[in-house]
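Generate the whole structure from the sequences, applying the supplied hints.
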Amino acid sequence: MKIITQIGIIFTICWISQIIEKVLPFEFPASVIGMILLFLLLVTKVMKVDHIREKSDFLLSNMAFFFLPAGVSIINYFDVLKNCVVQLIIICVVSTVVTFAVTAYSMKLVLWLMNRKKNAREAAVVQETKAADHAAAVCGKETK
Amino acid sequence: MAELFTSPFFGIALSIIAFWIGVKIQKKTGLVVCNPLIIAIVIVAGILLIFKIPYDSYNEGGQIINMFLAPATACLAVSIYTKIELLKKNWLPIVVGASCGSLASMGSILLMCKLFGLDSAMTASLVPKSVTTPIAVSIAGSHGGMTPITVVAVIFTGILGSVLAPMLIKIFRVKDPMIAGLSIGACSHAVGTSKAIQIGETEGAMSGLAIGICGIMTVLFSLILM
Chain A
1 MKIITQIGII
11 FTICWISQII
21 EKVLPFEFPA
31 SVIGMILLFL
41 LLVTKVMKVD
51 HIREKSDFLL
61 SNMAFFFLPA
71 GVSIINYFDV
81 LKNCVVQLII
91 ICVVSTVVTF
101 AVTAYSMKLV
111 LWLMNRKKNA
121 REAAVVQETK
131 AADHAAAVCG
141 KETK
Chain B
1 MAELFTSPFF
11 GIALSIIAFW
21 IGVKIQKKTG
31 LVVCNPLIIA
41 IVIVAGILLI
51 FKIPYDSYNE
61 GGQIINMFLA
71 PATACLAVSI
81 YTKIELLKKN
91 WLPIVVGASC
101 GSLASMGSIL
111 LMCKLFGLDS
121 AMTASLVPKS
131 VTTPIAVSIA
141 GSHGGMTPIT
151 VVAVIFTGIL
161 GSVLAPMLIK
171 IFRVKDPMIA
181 GLSIGACSHA
191 VGTSKAIQIG
201 ETEGAMSGLA
211 IGICGIMTVL
221 FSLILM
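Protein chains in written order, with this note's numbering: chain A, 1 to 144; chain B, 1 to 226.
No incorrect hints appear here.
Straight-line alpha carbon distances no greater than 20 Å define the calculated SDA-like cross-link-like pairs of lysine to any residue that follow:
1) B:K175 - A:A101
2) B:K88 - A:W112
3) B:K24 - B:G46
4) B:K27 - A:S61
5) A:K45 - B:K88
6) B:K114 - A:L81
7) B:K89 - A:N115
8) B:K88 - B:E201
9) B:K89 - A:V43
10) A:K22 - B:G144
11) B:K83 - A:L37
12) B:K175 - A:L113
13) B:K114 - A:V86
14) A:K48 - A:T12
15) B:K175 - A:V97
Stretch by stretch, here's where chain B covers chain A in the computed footprint (C-beta under 8 Å, at least three residues):
16) 21 to 29
17) 97 to 108
The set of hints was computed from the structure by calculation and includes no laboratory data.
The C-beta atom is built at its ideal place from N, Cα and C for all residues, glycine as well.
In structure tokens:
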């Protein structure tokens, strides 16, 4: 009964997201709507991971298998592929390197900026305390 | 004789046996190139072609397996949720990195498709290829792409990313394990993540997070770009 309940929960989410996909005025894949929906349910604590743990472990750990039929249908596309295999390989290699580089450098930049801001704030705090010390020292002298 | 192959049990049984062989070969050799899915596709496609079994007969069972893709994608939410602490602590660099990476991936592919004069169906099949298969397939499908080509391109990219990852980390001098993980996940999704887990724990977690975040970003950008 436990597994059946879990399947029921996940399939219900999938069905609801298909309805949302139909209603939305733009193209947004139902499977991603399902993912966002499930994430919201977890974040808002309406649902716990325990409610779907076994089923989601099963789906996630066998993810690759579910693509087999989609991959096999490549045999219907041999004619299309024949003409552009070289281009496809170039596109895959170049875009992989570009994506890696851009992700790494943009993240580096953000972390660097955040660090600089933090350092600037710390420096300001240090200066303030120094100024306060100085002022206190001056006051101390004057009262003497 | 032909009726025997139109039973959905045939497609499902053949798929499971082929995938099982793929997993065994991967375990024996330990090579990323021996991706179980690629091996299984070759085995099933080979059997269909050799015995002249029509794809539609195989697909009687195939479409039942296919049905599990949507719930599997939804469950990616669980893997993001389990890393929510990491995401909360570093949300800004993660979101910016994933957005820039997804944009760079889609932009570079669009540009090269124009350059090579590929038609719009082929372009739509390739543009989402850096994200995880279920999301890439749904994007390609909703924009008139050929989903089998997307599947193959996604897996090929994944293998490429996990093979190149250690080299790319050196070339681009990435020292922070967080950055390395996110970059691997952004360019080579789940296949790359399995490599990232081998490199280190933080790398693996970040790479896993990148699968989901880059997936959502790519869907959003595809609304604008495609």
